[in-house]
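S.K.: This is what each chain is made of:
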Amino acid sequence: MKTALLDLKKLSLRELNDYLHHRLAAEGISTVDILNPNGMHNIAVGLDRAVEVNIRGNAGYFVAGMNQRATVNVHGNVGWSVAENIMSGIVRVKGNASECAAASGHGGLVVIEGDASSRCGISMKGCDIVVAGSIGHMSGFMAQAGHLLVCGDAGAHLGDSLYEAVIYVAGSIRSLGADAREEPMTEPDHAKVAELLDRAGIEFRARDFKRVASARTLYHWNSANHNRY
Amino acid sequence: MCGIVGLMIKSEGLRHSLGSLVLPMFDCMAERGPDSAGLAVFDTAVKLPRRRFSLFSGRGDCDWNSMVRELESATDAKIDLENCDNHAEIVAPLDALQLRSWLSARGNDVRLLAVGRSMTLFKDVGRPDQVARRYNFETLEGTHCVGHTRMATESQVSPAHAHPFAAGEDFCLVHNGSLSNPYSLRRLLEEENLEFETDNDSEAACRFLEWRMRQGDTIEKALHAAFEKIDGFYTFLIGTAQQLVLVRDPFACKPAVVAETDQYVAISSEFRSLAHLPGIAEANIFEPLPEQIYAWHVA
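Note that the protein sequences, when read in sequence, are chains A and B. Heads up: the first sequence begins at 1 in this note's numbering, then just goes up one per residue. Heads up: the second sequence begins at 1 in this note's numbering, then just goes up one per residue.
Quick caveat, the hints were computed from the structure, so don't treat them as lab data. Check the hints yourself; a few may be wrong.
Which bits of chain B does chain A cover? Going by a derived footprint, with three or more residues having C-beta under 8 Å, they are [as the list claims (entries may be wrong)]:
no.	region
1	248-256
2	267-274
Pair by pair, the computed Cβ-Cβ distance ranges are [unchecked claim]:
no.	chain 1	residue 1	chain 2	residue 2	range
3	B	282	A	164	40 to 50 Å
4	A	144	B	196	41 to 51 Å
5	B	1	A	202	29 to 39 Å
6	B	109	A	225	51 to 61 Å
7	A	66	B	85	39 to 49 Å
8	A	164	B	293	30 to 40 Å
9	B	13	A	183	55 to 65 Å
10	A	208	B	45	53 to 63 Å
11	B	298	A	208	41 to 51 Å
12	A	3	B	278	23 to 33 Å
A virtual CB, placed ideally from N, CA and C, is assigned to each residue, including glycine.
Can you build the whole structure from these sequences, using the hints too?
M.R.: Right, dumping it as structure tokens:
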């Protein structure tokens, strides 16, 4: 187990990401500690190997974007679009996340231990997202596949224009978006919730999650509506 | 894209550091808005009938001293002048109408940027970090300030189009976003005989809010009227003699982050511009919610 210590007060962002992309493997590094992130954007984007990266502080926009295989832990808050387009691996935020967390994520797991702001999981395409706190408005907009689990409350217009992603919410839902509907929780849903919480390492015992999924009324053009247009 | 910064100092002992604390915030947000910049600073109010007038001349060789002497002899008033580059502040026992008509009769290119008892406003074109040094932002003192770095998207790049926009007295606004209906706002206000200096959408929002407050609205009530009347994307930061006020539109598409400690309230488009502030590790850091009004008062 070799650890690399990278200080963003001494390295430029480009040097840091270049190290993570090109030198890590050759040096046999398995964990990386990044110091003084100070809200900088694009930290640890495009990782593609099984390495653990700990970012010690607050990160800016797009942290751990396009992640593959790596585990990235942010010990602080993050700005917009954390883990955008995540493909695999785990991205964990110990604090709060700003807008568009895990936007268009294809796979892997994103854990927000605090709150996530608006548009969480927008257009997600197969990743799983677990938020221990609450999420903001327009979350799960056009979400296509994967799961968004929220232990707190959901903001307005949840799941607007949903495709096949499934949303679980333990708290209140301010309002549902177009074509999103609440559905009964089945045993497979309960099992999925338990599995997601377990994978995320979030202790949360409530059993009464709400399941929100697509009513699928927007999937096809309905000629009966022609006169409305 | 534009950058917004704001800072209110809570403890009196830090007021002399207002400029040095806000300068790195401002420099950092230059990346969001590289074409022009501005800062409104609020300090102790001068006693009426004296007011602070922020003036701008684009000529580069404006003889501010002789202008002030002319104004003194025309108005029989004692006038104080502080000038720096294209900018001057005069403190004079006049009102805005008197000064504006004197300036227009004098017929050169000196423009009145802002009026108030507490507020001084600087704005100019150029890279924000250079604008900040041109006008010595680092040395500014006061209770609070409102700053902006601009990336123009809907109207031209000129000193007049830079933010903050000011209206009335001791009132200014900066805006990140774009409004969809600035012209219907303008038509509404022009019917009330309000005049505009530019075709900028943010100026319409600034004048709308200040007009509502002159009609007797509190800033909260004026903002609720704005939620009804103003369509588009915005994060607005508003400065008055006593307050900093922050709002975001219902979609909250334009960013903002707040950091509050016992010593200060700091507002920025992005956290990275707050990361240098003293005590930031212990600050209460949050993202303002859409259509919520956040107001902080001078202690």
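S.K.: Does the beta carbon distance between residue 3 of chain A and residue 278 of chain B stay inside 23 to 33 Å, or does it fall outside?
M.R.: The hint (23 to 33 Å, Cβ to Cβ) holds, given that residue 3 of chain A and residue 278 of chain B are roughly 31 Å apart.
S.K.: Per the hint of 40 to 50 Å, is the separation of the Cβ atoms of residue 282 of chain B and residue 164 of chain A within bounds?
M.R.: The hinted range 40 to 50 Å holds for residue 282 of chain B and residue 164 of chain A, with Cβ atoms some 44 Å apart.
S.K.: Could you see if the CB distance from residue 208 of chain A to residue 45 of chain B stays within 53 to 63 Å?
M.R.: holds, 57 Å
S.K.: Lying within 41 to 51 Å: is that true of the beta-carbon distance residue 298 of chain B to residue 208 of chain A?
M.R.: Holds - the Cβ-Cβ distance for residue 298 of chain B and residue 208 of chain A, about 47 Å, lies within 41 to 51 Å.
S.K.: Is the hinted range of 55 to 65 Å satisfied by the C-beta distance from residue 13 of chain B to residue 183 of chain A?
M.R.: holds, 59 Å
S.K.: In terms of beta carbon proximity below 8 Å, does the region 248-256 of chain B have 3 or more residues touching chain A?
M.R.: Coverage by chain A holds for the region 248-256 of chain B (3 residues, Cβ < 8 Å).
S.K.: Just to be sure I understand the hint, the distance between the Cβ atoms of residue 66 of chain A and residue 85 of chain B should be within 39 to 49 Å; is that true here?
M.R.: holds, 45 Å
S.K.: Determine whether the Cβ-Cβ distance between residue 164 of chain A and residue 293 of chain B falls within the hinted range of 30 to 40 Å.
M.R.: holds, 39 Å
S.K.: Between residue 1 of chain B and residue 202 of chain A, does the C-beta distance stay in 29 to 39 Å?
M.R.: holds, 35 Å
S.K.: Is the hinted range of 51 to 61 Å satisfied by the C-beta distance from residue 109 of chain B to residue 225 of chain A?
M.R.: holds, 60 Å
S.K.: Do three or more residues of the region 267-274 of chain B come closer than 8 Å to chain A, measuring C-beta to C-beta?
M.R.: holds (count 5)
S.K.: Determine whether the Cβ-Cβ distance between residue 144 of chain A and residue 196 of chain B falls within the hinted range of 41 to 51 Å.
M.R.: holds, 46 Å
The structure fails none of the hints (numbered hints given earlier).
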